[in-house]
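Engineer: Based on the sequences and whatever the hints tell you, model everything.
Quick note, the sequences are listed as chains A, B, C and D, same order.
Its first residue numbered 176, the first sequence is counted upward by one per residue in the numbering used here.
Its first residue numbered 176, the second sequence is counted upward by one per residue in the numbering used here.
Its first residue numbered 176, the third sequence is counted upward by one per residue in the numbering used here.
Its first residue numbered 176, the fourth sequence is counted upward by one per residue in the numbering used here.
Please note that a few of the clues may not be correct.
Since the list gives no way to pick one copy over another, a pair counts as held whenever it fits inside one copy or between any two copies.
[Unchecked claim] With a Cα cut of at most 27 Å, we get these calculated DSS-like pairs of lysine-lysine:
hint, residue 1, residue 2
1, Lys274, Lys189
2, Lys269, Lys187
3, Lys189, Lys269
4, Lys184, Lys274
5, Lys269, Lys184
Hints are computed from structural coordinates only; laboratory data are not their basis.
Bear in mind the structure is a predicted one, so any value in this text is a computation, not a measurement.
There are 4 protein chains.
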Amino acid sequence: MVSHLAFLKNMKLKLRTQNLYVRCGLAEFLGTLILILFGCGSVAQMELSGFAKAQFLSVNMAFGFAVTAGAYVCAGVSGAHLNPAVSLAMFILKKLSWKLFLIYCLAQFLGAFIGAALVFSLYYDALHVYSNGNWTVYGPQSTAGIFASYPSEHLSAINGFTDQVIATAALLICILAILDEANNAAPRGLQPFLIGIMVLLVGLAMGFNCGYPINPARDLAPRFFTAIAGWGSEVFSAGGHWWWVPVLGPLVGGVVGAVIYEVFIEFHHPSPNQKQESEEPTEGINRPHYELVQSSA
Amino acid sequence: MVSHLAFLKNMKLKLRTQNLYVRCGLAEFLGTLILILFGCGSVAQMELSGFAKAQFLSVNMAFGFAVTAGAYVCAGVSGAHLNPAVSLAMFILKKLSWKLFLIYCLAQFLGAFIGAALVFSLYYDALHVYSNGNWTVYGPQSTAGIFASYPSEHLSAINGFTDQVIATAALLICILAILDEANNAAPRGLQPFLIGIMVLLVGLAMGFNCGYPINPARDLAPRFFTAIAGWGSEVFSAGGHWWWVPVLGPLVGGVVGAVIYEVFIEFHHPSPNQKQESEEPTEGINRPHYELVQSSA
Amino acid sequence: MVSHLAFLKNMKLKLRTQNLYVRCGLAEFLGTLILILFGCGSVAQMELSGFAKAQFLSVNMAFGFAVTAGAYVCAGVSGAHLNPAVSLAMFILKKLSWKLFLIYCLAQFLGAFIGAALVFSLYYDALHVYSNGNWTVYGPQSTAGIFASYPSEHLSAINGFTDQVIATAALLICILAILDEANNAAPRGLQPFLIGIMVLLVGLAMGFNCGYPINPARDLAPRFFTAIAGWGSEVFSAGGHWWWVPVLGPLVGGVVGAVIYEVFIEFHHPSPNQKQESEEPTEGINRPHYELVQSSA
Amino acid sequence: MVSHLAFLKNMKLKLRTQNLYVRCGLAEFLGTLILILFGCGSVAQMELSGFAKAQFLSVNMAFGFAVTAGAYVCAGVSGAHLNPAVSLAMFILKKLSWKLFLIYCLAQFLGAFIGAALVFSLYYDALHVYSNGNWTVYGPQSTAGIFASYPSEHLSAINGFTDQVIATAALLICILAILDEANNAAPRGLQPFLIGIMVLLVGLAMGFNCGYPINPARDLAPRFFTAIAGWGSEVFSAGGHWWWVPVLGPLVGGVVGAVIYEVFIEFHHPSPNQKQESEEPTEGINRPHYELVQSSA
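Structural biologist: See below:
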């Protein structure tokens with residue numbers, strides 16, 4: 176009855192660390208693993224069931240709430256970036272050191288890789304039955320799209336790149352607003368939920384061109400996994416060597432979005448001193464902003 | 176490593192303003208841009224994918240959460256009207272000066288115009304492939320409906336106007352309730368989410384007649400964009416010069432809704448002094464209202 | 176510029192009342208009107224568009240969030256019953272006087288009637304085109320189901336009654352839990368949202384037999400409206416005089432659910448004194464319950 | 176007018192108990208009953224209506240929000256495990272005594288059994304019409320899948336077991352994160368909502384193989400009910416004696432998930448003393464974590 180407790184305590188004493196780099200790395204690893212496990216899992220459910228058990232809306236909801244899940248797992252430790260494009264934007268905004276930036280990217284990449292491997296083992300039988308063991312990138316029974324993004328036929332590389340820049344920029348604008356205490360931030364314990372809703376929104380509106388990767392780790396690591404696991408090097412050559420677009424596009428888009436939010440909104444917030452004077456200390460629920468605006472007009 | 180910081184600081188010093196009109200204008204501009212980018216983006220995804228990647232429910236969800244996104248972007252600065260009908264109602268309710276009212280409308284219109292242009296560039300390739308470069312207002316491959324509303328065949332102008340008045344009035348009643356601290360307001364940091372849910376609700380129940388524009392900026396600015404971008408003047412003449420209905424209807428409806436909420440609910444709230452006496456200071460979660468009602472009965 | 180303000184102030188002075196019965200009556204009236212306007216509006220959208228603009232899931236979501244909307248409108252004034260079955264349960268639980276109970280029921284009935292009339296005018300053209308002006312209760316182009324419930328062919332009156340009792344009882348159990356501060360109540364400002372989610376849940380799981388009326392006002396008042404507006408007395412005779420089942424069933428179910436919640440949960444809450452001793456004063460977010468349970472074991 | 180009050184007071188005096196085991200047992204019983212009533216009810220709605228009134232997405236939403244409903248019913252009393260796999264993980268983590276563990280499992284099993292019986296009576300007529308009174312486990316009009324899980328044709332027992340371990344482990348990781356105050360816990364009054372969203376997520380991504388039972392009580396108790404109610408012993412022999420997989424798999428997966436969360440996240444939280452020093456006392460909404468990370472870097 177107590178043996179398992181002794182065992183857990185023992186483990187804790189041996190494994191525990193206070194090192195910021197290790198703690199944040201572990202957290203981003205597990206968070207991104209959860210994101211990919213649920214996100215790519217839902218694409219597998221849609222494809223392998225022939226759209227009987229999921230449609231594109233289900234996948235949109237799953238990727239949104241997979242971000243919610245991954246964010247709850249690590250938000251209190253690492254801030255829940257889960258995405259090198261977010262980490263790069265935070266580095267640019269001086270909210271992440273370059274050392275941590277590198278560790279975050281590495282952890283996100285590894286987490287996404289293991290997440291993809293878990294989806295593979297979760298749907299191992301279904302993958303075999305669906306594709307007759309013949310894993311292909313294109314064609315009627317292709318399965319590579321479960322793990323990484325491939326462009327629709329109508330899409331040029333230029334439009335693909337624009338797509339990734341616009342989608343990631345819009346996402347970053349929304350994330351920064353949801354976190355901005357000087358604006359109308361969501362309650363901290365619900366920020367993972369609302370950021371998940373924003374990812375759902377990206378999927379509802381910007382998913383047709385190439386499946387909204389908007390995250391280099393989410394796209395590149397599972398692509399590596401498929402290259403190794405049997406889909407071969409075609410996963411990199413397909414779509415006119417498409418693979419680099421969802422890597423570079425989100426990085427550029429994240430920075431663009433962060434700069435836009437700063438220039439249009441954050442730059443002009445009253446400085447904290449001014450703020451504290453003009454506002455009585457309120458708790459939780461404040462008076463509607465409409466009246467704040469009017470009273471100062 | 177620090178060069179970008181110097182760059183950002185420099186920009187902030189140069190661009191920063193404390194001017195209320197500029198700050199609110201920038202905020203409403205970016206918020207409405209985000210609303211249209213995601214909202215019209217989802218209609219594009221539905222139409223251009225031939226309903227494979229989205230259905231009407233997806234568009235309902237997208238427009239709802241697009242309002243959530245746009246509201247988070249600007250709620251702490253401008254109060255997140257995002258809609259001239261809301262701004263007019265707030266002006267009527269004495270919560271917005273007439274100067275700010277004009278600035279808000281201008282910013283909302285410009286934001287919606289740029290948002291429509293971004294949707295156009297996001298789906299540039301898909302638009303060309305779908306319509307063979309032949310952009311039409313009606314017909315099997317028509318694409319004007321991605322940007323602005325057009326009435327269903329069954330709809331008369333009178334019923335269309337009623338539709339817009341009822342829908343916008345109902346929306347305003349809900350928004351005012353969600354913000355009303357003397358009623359059962361949502362927590363401030365979640366008001367953008369709940370107002371988004373209300374817009375989703377309008378789409379679920381009042382979307383069949385003409386696609387629930389309920390916002391003059393949302394409808395007119397993208398319509399202007401299409402007139403310029405190649406769809407031509409038919410976007411204004413179509414549907415028996417339909418274009419003015421989703422401009423005037425929401426403005427009337429917003430005022431109607433605001434007056435109804437005032438007359439039925441807000442007029443009769445106990446004055447603040449009475450309130451503070453009868454309620455012990457509670458924090459966050461209060462006792463259920465059922466007991467309040469019973470105890471005073 | 177100020178004329179409208181003088182006008183509003185004037186109205187307030189004339190119309191304002193502090194009378195509890197009038198205030199609660201007006202609030203329940205407007206809340207139930209909003210509930211029916213959005214709820215029945217979504218059924219109209221589904222039926223009249225031939226399922227192109229809505230499916231049963233959309234209607235489930237709409238009725239759920241329509242309850243959310245109606246509840247925000249009146250929760251801070253009347254407690255947002257919106258349903259005679261809820262009011263009766265609250266009367267049984269001693270949380271509503273019998274005078275208020277009668278006023279609530281009357282206001283809910285009138286609100287639902289006007290809400291149905293607004294749906295009729297919102298979709299007036301569409302109703303005419305869909306049914307060729309021939310309003311029928313059964314048959315391929317029947318439209319009575321937009322306003323009130325009719326049983327599926329497989330359903331006997333006994334099973335219909337059981338259905339209404341079980342569904343309303345389950346709903347009341349959930350509502351009482353969400354409001355119960357001694358249990359794990361939702362934050363007051365989000366209770367309308369969570370009660371809406373519960374109504375969505377009833378629609379997802381208990382909607383097949385007869386469309387989950389679970390509310391005598393929601394069902395009977397729109398049925399009266401259809402009887403007057405042209406569908407005739409068949410709305411009462413149809414389905415073997417089905418109309419009384421969704422009136423009586425929910426009233427019985429509400430009481431059953433309230434008693435079950437009391438007997439299984441509320442009776443055994445520690446009395447307030449005990450509670451305050453064993454808990455340190457926490458704010459907003461508490462420690463997980465799991466540890467509370469273990470520490471007292 | 177007061178007779179019913181006297182009746183209720185009388186009942187309370189007779190039935191009230193302060194015994195922890197009885198209170199928690201009653202709470203887990205009623206919570207799990209509500210979970211199964213809504214969850215299996217939605218499967219019944221989907222199957223018996225021939226997918227007209229629900230699709231797999233509706234069932235995913237229903238099971239998610241059924242967990243939300245069940246959790247609100249008992250969270251403040253018993254911690255809302257609703258699942259022996261959760262209870263076992265809590266026992267391993269030293270948050271539940273072994274006596275309570277046994278009581279929880281028994282109560283969950285009984286609640287799930289009665290919940291299944293209520294679904295049976297709710298859809299009694301529909302079950303008869305759908306299957307002509309011939310209740311079968313497999314075949315075109317089979318109905319056993321309404322109550323318990325059966326594997327898809329493609330699934331081996333090994334992959335089925337892996338599926339249950341991975342799904343339950345992922346769910347436990349998310350639940351522990353949502354409850355972890357030293358991480359970024361959800362507000363206590365919204366934890367039932369967010370845990371429901373996580374169950375929805377499991378259904379969106381891990382539902383294809385065998386319908387995500389992830390809960391021994393949810394699967395075994397309704398299976399027993401069907402064995403007794405007329406489906407016969409085939410419910411245990413079907414799928415190569417599949418029944419033990421959704422019993423053992425979740426128990427193993429729950430422990431695996433709990434250990435992973437501890438090792439990757441919880442072990443490394445700063446001890447409470449350190450925490451209180453480095454953080455100023457904040458209320459409700461905190462500064463975004465991004466800055467916390469950066470400031471300590």
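Engineer: Would you mind marking each hint as holding or not holding in the structure?
Structural biologist: Structure-based check of each hint:
In this assembly of identical chains, the alpha carbons of Lys274 and Lys189 lie at most 27 Å apart only when taken from the same copy (26 Å versus 30 Å across copies). Taking CA atoms no more than 27 Å apart as the test, Lys269 paired with Lys187 passes between copies only; the shortest distance there is 14 Å, against 33 Å inside one copy. For a Cα distance limit of 27 Å, the shortest separation of Lys189 from Lys269 across copies, 19 Å, qualifies, whereas the shortest one inside one copy, 34 Å, does not. In the homo-oligomer, the alpha carbons of Lys184 and Lys274 lie at most 27 Å apart only across protomers (22 Å), although the nearest pairing inside one protomer, at 31 Å, exceeds that limit.
For the identical chains of this complex, Lys269 and Lys184 are inter-copy neighbours only, at 11 Å across copies versus 38 Å inside a copy, given an alpha-carbon limit of 27 Å.
Going through the hint list in order, the structure satisfies each hint without exception.
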